[in-house]
Amino acid sequence: MKPFNSAIRNLIILLVFALYMLPLTAQEHQENQEYAGHPAAEVHHAEEHTTNHEGDTHGEEKLDFGAFIKHHIADDYVFHIIGDISFPLPVIIYEPGKGLDVFMSSAFHHADENHLTRGKYYYHHGKLYIPELDENGHIVMDEHGHPVGKHEATLGDLISGNKHVFYNFSITKNVFGLLLAVILLLVIFLSVAKAYKQNPGRAPRGLQGAMEPLILFVQNEIAIPFIGEKKYAKFLPYLLTLFFFIWINNLLGLIPIFPGSANVTGNIAVTMTLALFSLIMVLINGNKHFWGHLLNPPGVPFPVKIILVPIEIIGIFTKPFSLMIRLFANITAGHIIIMSIIGITFIVQSYVVGVITSVFSVAMFTLELLVAAIQAYIFTLLTAQMIGGAVEEGHGHGDHHEHEGVHH
Amino acid sequence: MELLNPNVGLVFWMMISFLILLFALTKFAWKPIVSAIKKREESISNALNAAAEAEKRLQSLKSENENLLAQARKERDEILKEAREVRERMIADAKNKAQEEADRLIATARENIYNEKMKAMTELRNQVAQLSLEIAEKILKERLADDAKQKETVEKILKEVTLN
Numbered sequence: 001m002k003p004f005n006s007a008i009r010n011l012i013i014l015l016v017f018a019l020y021m022l023p024l025t026a027q028e029h030q031e032n033q034e035y036a037g038h039p040a041a042e043v044h045h046a047e048e049h050t051t052n053h054e055g056d057t058h059g060e061e062k063l064d065f066g067a068f069i070k071h072h073i074a075d076d077y078v079f080h081i082i083g084d085i086s087f088p089l090p091v092i093i094y095e096p097g098k099g100l101d102v103f104m105s106s107a108f109h110h111a112d113e114n115h116l117t118r119g120k121y122y123y124h125h126g127k128l129y130i131p132e133l134d135e136n137g138h139i140v141m142d143e144h145g146h147p148v149g150k151h152e153a154t155l156g157d158l159i160s161g162n163k164h165v166f167y168n169f170s171i172t173k174n175v176f177g178l179l180l181a182v183i184l185l186l187v188i189f190l191s192v193a194k195a196y197k198q199n200p201g202r203a204p205r206g207l208q209g210a211m212e213p214l215i216l217f218v219q220n221e222i223a224i225p226f227i228g229e230k231k232y233a234k235f236l237p238y239l240l241t242l243f244f245f246i247w248i249n250n251l252l253g254l255i256p257i258f259p260g261s262a263n264v265t266g267n268i269a270v271t272m273t274l275a276l277f278s279l280i281m282v283l284i285n286g287n288k289h290f291w292g293h294l295l296n297p298p299g300v301p302f303p304v305k306i307i308l309v310p311i312e313i314i315g316i317f318t319k320p321f322s323l324m325i326r327l328f329a330n331i332t333a334g335h336i337i338i339m340s341i342i343g344i345t346f347i348v349q350s351y352v353v354g355v356i357t358s359v360f361s362v363a364m365f366t367l368e369l370l371v372a373a374i375q376a377y378i379f380t381l382l383t384a385q386m387i388g389g390a391v392e393e394g395h396g397h398g399d400h401h402e403h404e405g406v407h408h
Numbered sequence: 001m002e003l004l005n006p007n008v009g010l011v012f013w014m015m016i017s018f019l020i021l022l023f024a025l026t027k028f029a030w031k032p033i034v035s036a037i038k039k040r041e042e043s044i045s046n047a048l049n050a051a052a053e054a055e056k057r058l059q060s061l062k063s064e065n066e067n068l069l070a071q072a073r074k075e076r077d078e079i080l081k082e083a084r085e086v087r088e089r090m091i092a093d094a095k096n097k098a099q100e101e102a103d104r105l106i107a108t109a110r111e112n113i114y115n116e117k118m119k120a121m122t123e124l125r126n127q128v129a130q131l132s133l134e135i136a137e138k139i140l141k142e143r144l145a146d147d148a149k150q151k152e153t154v155e156k157i158l159k160e161v162t163l164n
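Top line first, the protein sequences correspond to chains Y and H.
So in my numbering the end of the first sequence lands on 408, straight run, no missing numbers.
So in my numbering the end of the second sequence lands on 164, straight run, no missing numbers.
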């Protein structure tokens, strides 16, 4: 009964946290309305790429919301503010053997397949290429319609050892959002820390008062129950950073206008890095008991061990993998749903539907605010659980009886 | 920038910025904040304990004071009672002594009076005897001065003697 109660209490606390941000939803609702002029331009832009590629002339404007949504949840080299207003971000390219190349993304504006950016970069379907040119100066395309030559390195290229790549360290929209979140977190928590220093032993005030229950929540509801009273202190800073980093990025991603709207936590690179750090925390902090039980589970017959040990080893990696996928999928799905609901209006082109979908999108935004907090909570909680499992003291010495009931 | 095959650049920036964030927040935010909260919790619980202790001591002091007061009151009553007794005893003693003195004085006076009376009686007796002797001498002298009268007296005495 007790764990159930505490789960309910945690949910209620999260709900309250989500309500903190309710005034924002009203604002976002207004912004949704303002999208009215925006998608047309955006979709037009997307159309341009496809039509250019297929060599069609500009025919009737067909709404391609799939491309629109995909464009919005993906990374970008420019930061859209509203309508046609956007500002460029720095592009930083490292090409092995040729060094660094830094320029602003506004250089892409007047470039096409005949006029390459800075004479060598070709921006095609959201990806950068350094294409090979034929004798006429035309880009050579492969059978899939991709330019032949070097392309920006992805993690897959890194793993497969593909050498026809260059490295793209651009400050993209997501990197911008990431840095913004980092700066915000530093500003918020350094000022909170300062408040504690200036006001020692007194009741918290203002921002400090808003943050303290959250910090205590992570400490008392996540770190201590899952890692244990003795060892939690070492991991608390990581868990707090994780929780607030994910949460603030989730929230910033929900703000539909600049400086929010970067889909940071809905990007697999970000969630993968976070999951990787959690995995590293487990691997470097796993104690003798953890590895012992993993590689040579006591009291298990040998034939079972042959099956069990590989499963256990795979289990170490599947947990962070599921963390990565869970956060990425939840945030991305939330964005897609909201975009789709808004998109219905423009596909059906009806005011009545517009009113209904606005109501729906507000409901979805509210839900997403909850999801933003819940996903940060779950990621942190499961990380704490992984770490707790890794640092747990085994039976064997004095505390044999104490742990007996837990293990068997 | 594909959905599931992330750009190396973003992973790079993510690692760098998250590590910087982790170290900066750990050093300058989490540790001071958590220790400040812990310190505050400790100081609050200490203060509460001290208050409870003080309350307890106040209570005990109060009862001690009451005890002292009651004791003092009791002592005062005893002292007053004793004083009263002493006074009464003193008065009684004084009375007794005065009585004794008076009795003694009276007794002495009586004795003196008796003595003086006895002395006076003795003197009186002596003087009476003297006087009687002198009278007797005078009478005898007178009687013996005249022979006729002597004879008469002797005869008279003889008569009386024979009669007897």
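Accuracy of the hints is not assured; some may be wrong.
[Said to hold, decoys possible] Here are the computed lysine to aspartate or glutamate pairs in the EDC-like style, where the Cα-Cα straight-line distance is at most 16 Å:
id : chain 1 : residue 1 : chain 2 : residue 2
1  : H       : Lys-39    : Y       : Glu-212
2  : Y       : Lys-163   : Y       : Asp-84
3  : H       : Lys-38    : Y       : Glu-135
4  : H       : Lys-38    : Y       : Glu-212
5  : Y       : Lys-150   : Y       : Glu-212
To be clear, the hints were calculated from the coordinates, so they are not data collected in a lab.
These are the hints, each one checked on the structure:
1. Proximity of Lys-39 (chain H) to Glu-212 (chain Y) is assessed by CA-CA distance (about 14 Å); at most 16 Å being required, the pair is judged to hold.
2. For the hint pairing Lys-163 (chain Y) with Asp-84 (chain Y), the CA-to-CA distance comes to about 37 Å; that exceeds 16 Å, so the pair is violated.
3. A threshold of 16 Å between alpha carbons decides the hint, and for Lys-38 (chain H) with Glu-135 (chain Y) the separation of about 73 Å lies outside it, so the pair is violated.
4. Between the alpha carbons of Lys-38 (chain H) and Glu-212 (chain Y) the distance comes to roughly 12 Å, so the proposed pair stays at or under 16 Å and holds.
5. Only pairs whose Cα atoms come within 16 Å are accepted, and Lys-150 (chain Y) paired with Glu-212 (chain Y) is rejected, the gap being roughly 50 Å.
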